[in-house]
Amino acid sequence: MSSSNASYTLRYFDAIGLAESSRILLTAAGVEWTEEHPEWPQEKPNQPHGRLPVLVEKSTDGSPDFVICESSNVERYIARTYGFLPADLKQAALQEQLRDLISDVISLFFTQIQCKGEEDKAEFQTKFDGLLETLINVQTKLLKDNGNTGRLFGDKLSYADIITYGLYINLLIGFVKFNADIADSVKSKLTPEIVKLISAVETDPLVEKHKSRGGSLVAAISA
Amino acid sequence: MSYILRYFDGIGISEATRLLLTAANVEWTEEHPEWPQEKANQPHGRMPVLIEKDVDGEADFVVCESGSIERYLARKYGFIPADLKQAALQEQLRDLMFDVNHALAGRLSSRCKEDRVESEKKFEDLLALVIKEQSKLITSNGNNGLLFGDCLSYADIVSYGFYKNLLQSVVVLLPDVADIVRTMLTPEVVNLISVVESDPKVVKHTSKGNSLAVAAVME
Chain B
4 MSSSNASYTL RYFDAIGLAE SSRILLTAAG VEWTEEHPEW PQEKPNQPHG
54 RLPVLVEKST DGSPDFVICE SSNVERYIAR TYGFLPADLK QAALQEQLRD
104 LISDVISLFF TQIQCKGEED KAEFQTKFDG LLETLINVQT KLLKDNGNTG
154 RLFGDKLSYA DIITYGLYIN LLIGFVKFNA DIADSVKSKL TPEIVKLISA
204 VETDPLVEKH KSRGGSLVAA ISA
Chain S
19 MSYILRYFDG IGISEATRLL LTAANVEWTE EHPEWPQEKA NQPHGRMPVL
69 IEKDVDGEAD FVVCESGSIE RYLARKYGFI PADLKQAALQ EQLRDLMFDV
119 NHALAGRLSS RCKEDRVESE KKFEDLLALV IKEQSKLITS NGNNGLLFGD
169 CLSYADIVSY GFYKNLLQSV VVLLPDVADI VRTMLTPEVV NLISVVESDP
219 KVVKHTSKGN SLAVAAVME
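Respectively, the protein sequence lines represent chains B and S.
Residue numbers for the first sequence follow the numbering used here, so the first one is 4 and each next one is one higher.
Residue numbers for the second sequence follow the numbering used here, so the first one is 19 and each next one is one higher.
Derived by calculation from the structure, the hints in this document are not laboratory data.
Keep in mind it's a predicted model, so treat the numbers as computed, not measured.
Be aware that a few hints might be false.
[Stated by the list, open to error] These stretches of chain B come out as covered by chain S in the derived footprint (C-beta under 8 Å, 3 or more residues):
{"id": "1", "stretch": "103 to 112"}
{"id": "2", "stretch": "154 to 162"}
[Claimed, not checked] Computed list of lysine-lysine pairs in DSS-like fashion (alpha-carbon distance at most 25 Å, straight line):
{"id": "3", "chain 1": "B", "residue 1": "147", "chain 2": "S", "residue 2": "222"}
{"id": "4", "chain 1": "B", "residue 1": "93", "chain 2": "S", "residue 2": "71"}
{"id": "5", "chain 1": "B", "residue 1": "119", "chain 2": "S", "residue 2": "131"}
{"id": "6", "chain 1": "S", "residue 1": "150", "chain 2": "S", "residue 2": "131"}
{"id": "7", "chain 1": "B", "residue 1": "180", "chain 2": "B", "residue 2": "47"}
{"id": "8", "chain 1": "S", "residue 1": "150", "chain 2": "B", "residue 2": "47"}
{"id": "9", "chain 1": "S", "residue 1": "94", "chain 2": "B", "residue 2": "192"}
{"id": "10", "chain 1": "B", "residue 1": "47", "chain 2": "S", "residue 2": "154"}
{"id": "11", "chain 1": "B", "residue 1": "93", "chain 2": "B", "residue 2": "61"}
{"id": "12", "chain 1": "B", "residue 1": "119", "chain 2": "B", "residue 2": "214"}
{"id": "13", "chain 1": "B", "residue 1": "180", "chain 2": "B", "residue 2": "192"}
{"id": "14", "chain 1": "B", "residue 1": "190", "chain 2": "B", "residue 2": "214"}
{"id": "15", "chain 1": "S", "residue 1": "131", "chain 2": "B", "residue 2": "47"}
{"id": "16", "chain 1": "B", "residue 1": "124", "chain 2": "B", "residue 2": "214"}
{"id": "17", "chain 1": "S", "residue 1": "71", "chain 2": "B", "residue 2": "61"}
{"id": "18", "chain 1": "B", "residue 1": "199", "chain 2": "B", "residue 2": "159"}
{"id": "19", "chain 1": "S", "residue 1": "140", "chain 2": "B", "residue 2": "180"}
{"id": "20", "chain 1": "S", "residue 1": "154", "chain 2": "B", "residue 2": "61"}
{"id": "21", "chain 1": "B", "residue 1": "130", "chain 2": "S", "residue 2": "57"}
{"id": "22", "chain 1": "S", "residue 1": "94", "chain 2": "B", "residue 2": "93"}
{"id": "23", "chain 1": "B", "residue 1": "144", "chain 2": "B", "residue 2": "199"}
{"id": "24", "chain 1": "S", "residue 1": "71", "chain 2": "S", "residue 2": "219"}
{"id": "25", "chain 1": "S", "residue 1": "71", "chain 2": "S", "residue 2": "222"}
{"id": "26", "chain 1": "B", "residue 1": "124", "chain 2": "B", "residue 2": "144"}
{"id": "27", "chain 1": "B", "residue 1": "212", "chain 2": "B", "residue 2": "192"}
{"id": "28", "chain 1": "S", "residue 1": "71", "chain 2": "B", "residue 2": "144"}
{"id": "29", "chain 1": "B", "residue 1": "47", "chain 2": "S", "residue 2": "140"}
{"id": "30", "chain 1": "B", "residue 1": "119", "chain 2": "S", "residue 2": "139"}
{"id": "31", "chain 1": "S", "residue 1": "131", "chain 2": "B", "residue 2": "130"}
{"id": "32", "chain 1": "S", "residue 1": "140", "chain 2": "B", "residue 2": "93"}
Don't be surprised by glycine CBs; every beta carbon is placed ideally from N, CA and C.
One chain only, chain B, in its complex shape (with noise of 0.2 Å):
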C-alpha cells in the first residue's frame, strides 16, 4: 500500500461517464481527493493526451506532481496501489479483462449513437447488444461460481466489483441523455446475480461516502 498522505486531483467533466470508477475507487482507498472540471475545449493542450479523465497525485517533496491518464490506467494504478487488484498477476490479470470487454462495450455503444446511417445504427446496436449478452453471462457466471455474495472474486470489494458498477451507473443513469432507450433496456437484462453486485457496491462501507451525481444506482433499478 503507498503512503497515506497522498492526495489526488481527478480532472474530467461534471459527469458520470468514464470518471465514476475512479471516483469511487479513490473514496474507497480513503484517500484524500477532489475533482476538478476544466474547461473545455480550452484546457485540452494542458492535458497530457488532450483528453479526460486525467489523475493528478500531488507530489509531497518538491517534485513535479505525478500525472497520468485514460480511464482504464487511471483505474488500475488507483486499485493497484490501494490493493483492489490483487498484487498476483494472475489474479488480477482475471479481473482486468472484464474491464477490457467493458472498454469495448462502451466504445460499442458511443460508436452506435455517432452512426448516422440507418444500417450503420441497427449494425452496431446489434454488435453492442451481443456484447453485453456476453460481458453479463460472463459475470453472472462468476457471481454464481463465487456463492452468489454479490462479489465477482473473493470476500471483499474488489476492482472488478467497482468497475462493474462504474458500467451500470452509465447504462442505467449516466448515458441515458445519449439514448434515451438505453436504460429500460439494459435493466432488463440484468441477471439478479448482477443487481445483487450493484447493491453490494453501492452499500459496501468503504463506498457508502460516494454520492454519485446520478442518484442511487439500486433506487434506479428498482423504480
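With the hints as your guide, set chain S onto chain B.
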C-alpha cells in the same frame, strides 16, 4: 512453463503478444481454432486467448482480452516496470492505441458514407495523437529509438505490434489505411519500429514474414 496463444492465423491484434512471448524466451505455440465453432469454448467467446501450462500438473491458467494478455506477460517477464508509476506511463500509451483500433473497427463496419468519413477522421485524429506522444517520448529519451529507458520495454513492443497491424494486416481490408499511416509517421517512430525489429530479444520473430521497418517507409 509453456504457453499456447489461441488466435486467427494472421497478424491482427496479437502481434505484440507474440513478441512478448518471444522476448520472454519461453516455450510457446499457437493454435488457430475452428471459428466460429470454437467460440463457446473461449472465456469471452473471443480471441486472442492465452493459456499458461504449468509443468507441475496444476490446472492451466487461461486469460483473454489482448490488453490483459499483454500486461500479464509484460509484468511477469519484466517488460513493464514493477514501479506502478512507471508502469502507468507505459500503459496509458497502449490504452490510447485501443481507441485508435476502435475507430478503425467503426470505419470497417460502416456502410453509410457519412459514417465512414466520420470514423476515418476519428481514426486519423487519434493516430496523430499516438504518433505525437511517441515522438515526444522518444525524443526526450535521448532519441535512441526507444520510448523509455535503454532496453526494450512493453511500450516499445506494443507500439511495434500496433503498427504491424495497421501497415501489414488491416491493409488487406482497407488498402488506404497503410498509406495514411505511412504519411503520418515521424522519423522518431520509424526509428522505433526499426530498433524494435532488430532487437536481439525479438528478432527471432520479427525476421519472419515481411519487414515492418521496410513497410513503414515504402511507397
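Q: List in ascending order the numbers of the hints, as given earlier, that are violated by the structure.
A: 2, 3, 6, 9, 11, 12, 15, 16, 17, 26, 27, 32
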